[in-house]
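S.K.: Based on the provided sequences and hints, a complete structural model is requested.
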Amino acid sequence: MEEYVGALWHRLITDVADKRYPSEAVSLEQISKIAGILFRSWGGDSGLAVKSATATRHGAKRSLLQRIAGSNMKTELTWLDGETLNLPAIIDLFPQRDLNRDLYLWLIALAATHSEPALPWIQRNQRATQDVLERFPGLACRYQRLADAVLDMRPRPERLPHGEREQEEAIRAALLNPGSVERLPPARRPPQPVYLWLHPDPPASEPASGKSNDPQDHNAGDNIIKKEKDRRYQAERVDMPDSKDSFMMSFRAESILSWAEYIKVNRPTEEDDPPDDRPAEDLDRLSVAQDGKTAASRLKFDLDLPSAASDDRPLGDGILLPEWHYKKQLLQPAHCRLQPMLARGAEPLPLPAHLSATARRLRSQFAALTPSKVWLRGQFDGSELDLDACVQFSADRMGGLQAREQGLYKSHQYHDRDLACLLLADLSLSTDSYISDHERVIDVIRDTLFLFSEALSATGDRFALYGFSSLRRENIRFHILKEFERKYNDEIRGRIAAIKPGFYTRMGAAIRHASQLLVKQAATQKLLLILTDGKPNDLDQYEGRYGVEDTRVAIHEARQMGLRPFCVTIDEKGSNYLPHLFGISGYVVIRKPAELPRELPLLYAQLTR
Amino acid sequence: MRSLDLDLIHSFTKMPHMTDLPFYKPHGNELELFEHAFLRQLPLLIKGPTGCGKTRFVSYMAEKIGLPLYTVSCHDDLTASDLVGRHLIGDGVTYWNDGPLTRAVREGGICYLDEVVEARKDTTVVLHPLSDDRRILPIERTGEILSAPPEFMLVVSYNPGYQNFLKGMKPSTRQRFVSLRFDFPKPELEQQIVMGETGADTMLAKKLVNLANSLRTLKEHDLEEAASTRLLVYTATLILSGFDPVDACRAALVEPLTDDEETAEALMEIVYASFGK
Ligand SMILES: Nc1ncnc2c1ncn2[C@@H]1O[C@H](COP(=O)(O)OP(=O)(O)O)[C@@H](O)[C@H]1O
Ligand SMILES: [Mg+2]
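Protein sequences, first through last, are from chains U and C. At position 330 of the first sequence (counting the first as 1) the number is 330 in full-length UniProt numbering, and the numbers step up by one without a gap. At position 165 of the second sequence (counting the first as 1) the number is 165 in full-length UniProt numbering, and the numbers step up by one without a gap.
No lab work stands behind these hints, which were simulated from the structure alone. A few of these clues could be false.
[Stated by the list, open to error] DSBU-like, lysine-lysine: derived pairs with alpha carbons at most 35 Å apart:
1) C:K219 x U:K592
2) C:K219 x U:K573
3) U:K51 x U:K328
4) U:K33 x C:K186
M.R.: In structure tokens:
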């Protein structure tokens, strides 16, 4: 009971102290799609994902109330790193919803305008403000409204001690007259956060090596990730300050506290905070695990390949493939080794009983897609006269009948389905996670492969099935399920039944190899279907942006070869990165994974109609 | 070959109507290429996104050279008979009726097949003997084999967006044409086009072109099609006729580009950023 009252009190007093307006709040989630579009159209990098930022410590003086409440130590500001546009998860600073929303838009415009990143913070933000106002004159009145509101909320300079007062005055001037302030006067503390500007001291991005931070990996251990937890935590790595600005130095020095220190000390300066059992979202630096996950899920990072005797049978010595390095903007030749392999001891099997009814229905639907040529009679248009109709027509006329309007042509109905399709399925470990009480992703993928094959073998379309996973660049496992030249039969079904989840998702290499197989087909239309449950990732640097960009280049190469790549995913967050990879009309997100087996064949019919 | 001039071209033609020339601002050397192709009897393929001026260019050239223009907008129900012609049944008799392609070959002129990839492949096969050095059009139905005169020119266009993949042009067809790639005009040029077409002033034209270019960066990632010059012309036309600029942008620029409400909302924010709210 005491705890409950305590929590209530905490909330109450936080509200008062922060002067936030939760009822007028706008959340990033509500506008994330718009945010992405605006960012890109205003010149931002289309490879960046939009995410909510963790709050970072700002270190400025807090009011007594705020001190009692233990709040207002952290503010969520906006910054960019190599992979992400970080925006506040919620903006509730202003009592008007419109203003809160406008602030989001303003921050996005600022972030999309790359103005002299080398300048000191105060100059950089004034310059960016000027640039935005010049490029988008329509934003001027919004800026005015926002600046007025923000100035209203800031501390009155005359009430501040010497030093802080000059600092505050400089910031006020810079907000009112962007471009007018040269430097920020030094003070004992950093100024109050400036909500209209970008983050003065963006947190370091995660260390690029060692741990994977792909949500997919955590997915495997823990299927449900709370949205809140999805925010990125400020990483432990702290770079040497590279700015000569003395203010920046002091600001950094204050924020170097590690999580451990933070927990132990928790009163960085003069104030007393109430005992802290606030949730982890309140901590800005987590050095243990990036998502605060247990050791169990991290154990997966150290998977070993199975011993040769128990592993699938490798065919040949492997195939060397290039990989795209987006930072260097070059294709690294022979960077990956892809190993085609066949399931060991997969017995021929009939179609699993639970699929037979659906399979039968699909087969009869798809039989309609088989190539055929039919003459349609009595058409209003066609390449031949329909003699019967003409004779009838003439006879009617001569007999004095009022001739009806009537089709007099025959048309040759063409079904030129000259088509080859390669289906490439992601078999990485993330497919081991459960989507319902009794089904894992891999089970859905298996059923999908079965039904897809059943449907396609009812048409004349040529198709092949492969699966892939990877463990670093030298082990890309490419599982042969059905080659183009093979008939779909019990042996193939046995191979499909034998697929199992393992390892990571080095998508680029798998796509490159699949493209080479597909392009050799004689068909005029070649469809490369990619079936996946998440982003590209692997243990080494193949995560985040690197993996996405390599995959994007592989897709582009496939298109250059005349293939049509299309991605089918069950990753709910797919819309965040898939347009960048496949284009807006090159992918589909299946919301209910359990429906994938039935959806995919229908989708195929639609794509190839 | 370089010193080609209009006189030479006009010796082919009936009457140049210089005054009736449609308004056309060239992007580069396309006028010259068209004239050379015409003189040397080469078929021409123009690729480019919709609304970037392909059709306007062809009608300008037809007028400039002084040739009749037969335009066919292709679609997937278009049959070879629609191009070549068919027997019609009249008062107790059947008679042959030339299609636009045949008419252009018989009488001399430009046959322009717009969006040619929309036509089924078996339809475009009739173009093959016309588009190589034989320059003939066999008409199966009548048993005729027409030889194209020097005044005949075949021009086709298409939009090579990859969403057209399944309909993409056969390489064997594509390789029969001299090809010209159009893209959206450079900003200054596009401003002049908007001004020339609508009478907009520099300020408005510049604003609209900037706006269009912001929207064009969204192609493929967020939008299937880029905002075309045509849409800019429509927008300017609405504004100049007194319609509210922001509403004009919504009607002629935003809504034609997307059906998705959230996307439209985002595009409107881009409009507000240029025109104010
Ligand atoms: N270079 C240009 N000169 C003049 N007008 C142009 C030009 N490019 C585009 N336009 C304008 O854009 C409109 C659309 O052009 P159009 O030729 O119909 O496009 P397309 O055939 O490529 O789809 C034209 O009606 C004209 O108003
Ligand atoms: Mg056109």
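S.K.: Would you mind marking each hint as holding or not holding in the structure?
M.R.: Here is what the structure says about each hint:
| no. | hint | result |
| --- | --- | --- |
| 1 | C:K219 x U:K592 | 28 Å, holds |
| 2 | C:K219 x U:K573 | 21 Å, holds |
| 3 | U:K51 x U:K328 | 25 Å, holds |
| 4 | U:K33 x C:K186 | 29 Å, holds |
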